[in-house]
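Okay, here's what each chain looks like letter by letter:
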Amino acid sequence: MSENDDERGSDNAGRENDSDDSGGKSDSDDGGTESSGRERVADVAEDLFVIATRELRTIVRTPALLALAAAFAVSVVGVAWAGTGGGGGFVPLTLDLLTFVEVLVPLLAVAFGYRSILGDRQTGELDVLRTFDVERLSYVGGVYLGRALALVALVVGTLLAVGLFVPFLTADIPTFLAINAAADSGVRYVRFVVLSAAFTLVVLAATVGISAATRTVRTAFALAAALALALVLGIDTALVAGLASGTIPEDGLAVLLALSPNSAFRGLVLSSAVGVVGGADVAAGNAALNALGLLAWWLGSLSIALWRVWPAVEPIEE
Amino acid sequence: MSEDAPATALRAQAIDQSFGDVDVLSGVSLSVARGEVAAIVGPNGSGKSTLLHILAGIAAPDGGSVAVPREAAGARSVGYLPQRPAFRDGFSARDTLGFYAQLLDGVDDEDVAATLDRVGLGGVADRSVGSLSGGMTRLLGLGQAVLGEPSVLILDEPGSGLDPAMVERLFGVVGDLAADGTAVVVASHELPAVETHADTVYVLDAGDFAASGSPAELLTETDTDSLSEAFLRIVRAQVGESTVRAGVGGRSSKKTAGADTAETDDTAETDADDGVETDADDSEVNGGE
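Quick note, the sequences are listed as chains A and B, same order.
According to my numbering, the first sequence is numbered sequentially starting from 21.
According to my numbering, the second sequence is numbered sequentially starting from 436.
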């Protein structure tokens with residue numbers, strides 16, 4: 021067979037498909053029909069769950085991650101046990117754990133996420149997966165879903181478990197005082213747990229985005245560590261410095277707080293899970309803006325991961 | 436493989452590829468028929484891995500096209516074995532192929548077991564991939580590549596690091612697959628095995644095929660007795676001389692052994708294989724050879 025024996029056809033053969041991804045598995049040539057669209061969605065979802073399952077199994081089989089998870093759980097239990105929270109009610113427990121969650125969850129997310137996609141890139145499995153017609157949405161979505169399930173289960177499970185301390189450790193409520201049951205209730209604590217889960221999903225998305233966008237472990241680790249540092253210290257410090265120097269006007273503070281996942285999370289917890297401290301409302305920014313800020317970080321991070329995970333290559337099957 | 440499948444399994448036309456100001460491939464065309472074993476040989480850095488990435492549909496060429504006619508049978512179009520296959524630790528060989536099988540329609544656990552047997556890993560199917568030798572890992576990579584009976588199989592240095600018996604076994608498997616109608620494109624430095632098993636040999640040098648034909652034709656054209664000698668004649672090298680290439684035009688930059696760092700600035704993060712890897716945008720090409 022000669023290398024130049026086939027001159028027929030368009031020089032764009034194999035590029036007829038408008039899809040910018042790896043094609044999908046449907047045998048139908050009419051990609052615009054409703055049935056082929058449904059098949060494609062089903063294929064994407066099926067592959068996504070296969071990949072998510074592999075991620076979960078990977079985490080369960082990675083001793084370092086299991087050790088970190090155990091360390092997190094023990095630390096949270098320790099804080100709840102030793103602090104005033106466990107014996108003082110749900111709101112004191114929330115206040116005890118808030119800073120702790122703000123610091124530890126980004127670190128956990130870095131550990132769970134920064135090599136999630138980079139690892140497959142380095143072993144060559146990312147290239148291999150593409151010959152299985154796996155679409156970017158399936159791959160990134162599967163990696164994120166699998167890691168998120170593990171991490172959220174850890175955070176939520178641990179926080180709910182320590183919440184169970186409260187009924188046991190709280191001193192008997194005196195019967196001679198009028199008590200406003202709404203001021204400290206399990207519902208408020210559940211709100212804190214739900215917000216913690218959302219915060220976990222956001223910072224994990226950011227580290228998965230970094231993992232997809234980087235090509236070396238060194239770069240990924242440096243960026244992920246820088247992200248964690250910025251979330252925990254950098255952005256808040258910059259805000260305080262800006263306020264103190266007058267660079268940041270006070271009326272713009274709500275917007276700026278919403279730009280940082282940590283500040284937005286803290287604001288939402290203070291406004292919806294704490295509410296009133298010492299008889300005064302907590303200044304916690306604008307709840308809607310905070311929620312929007314978290315959503316923007318989540319969407320932006322996953323969009324970057326989808327965009328950068330692998331290059332767009334026209335399908336070669338004709 | 437279906438009887439009514441088209442005779443041409445893979446067609447590449449006028450492939451161009453550059454990394455920065457280094458042209459790696461320039462107007463490369465080839466066509467591989469069903470059941471044909473096409474070997475691509477060439478000096479280090481000649482662009483073999485880059486070409487295979489493009490043929491596998493993993494990388495987009497700067498110019499030209501690749502087409503794989505749709506097959507009636509087979510769960511996927513192209514199977515690909517990277518130069519250094521590696522898999523996630525903590526999973527067995529069976530788990531690993533099982534994962535890939537789940538991504539294919541109509542491929543089940545029985546197919547996984549049959550594939551493991553086919554590549555000679557049936558006896559270590561439940562061993563962790565981290566405990567497999569380099570050769571076994573490569574065979575597992577081959578198993579992954581043949582899963583789902585692709586119509587085209589693209590193998591990047593499948594025999595690298597294997598002992599001669601394993602190389603023969605691996606090429607034997609490749610020959611069996613070709614006999615079943617699979618088109619095989621293999622980049623390899625194992626020239627004796629290539630001489631024995633390949634139907635067509637393409638010698639890639641200076642961005643394009645410097646020669647092509649059956650092993651016998653190349654021996655006749657170069658008036659040599661072995662493919663190794665023919666290769667040296669075609670790339671105009673002497674035994675013991677470095678043949679590292681740095682893209683098109685590298686032929687004029689031959690250096691003596693021990694002074695062969697023919698890499699560009701763009702190769703900072705590569706392990707050097709095909710010479711050129713950029714971290715820029717989406718044009719990453721895995722190196723290593």
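Any given hint could turn out to be false.
[As the list claims (entries may be wrong)] According to the in silico footprint, chain B covers these stretches of chain A (three or more CB under 8 Å from chain B):
hint	region
1	69–80
2	127–138
3	145–152
[As the list claims (entries may be wrong)] Some chain B residues well away from chain A (every beta-carbon gap over 10 Å; in silico):
hint	residue
4	S461
5	R505
6	A521
7	D530
8	D544
9	S566
10	S568
11	M571
12	P599
13	R604
14	D611
Think of the hints as simulated: they come from the structure by calculation, not from any bench.
Note that the Cβ used here is the ideal one computed from N, Cα and C, for glycine as well.
Evaluated hints:
{"no.": "1", "hint": "69–80", "result": "holds (count 4)"}
{"no.": "2", "hint": "127–138", "result": "violated (count 0)"}
{"no.": "3", "hint": "145–152", "result": "holds (count 7)"}
{"no.": "4", "hint": "S461", "result": "13 Å, holds"}
{"no.": "5", "hint": "R505", "result": "5 Å, violated"}
{"no.": "6", "hint": "A521", "result": "4 Å, violated"}
{"no.": "7", "hint": "D530", "result": "8 Å, violated"}
{"no.": "8", "hint": "D544", "result": "14 Å, holds"}
{"no.": "9", "hint": "S566", "result": "14 Å, holds"}
{"no.": "10", "hint": "S568", "result": "17 Å, holds"}
{"no.": "11", "hint": "M571", "result": "15 Å, holds"}
{"no.": "12", "hint": "P599", "result": "25 Å, holds"}
{"no.": "13", "hint": "R604", "result": "22 Å, holds"}
{"no.": "14", "hint": "D611", "result": "20 Å, holds"}
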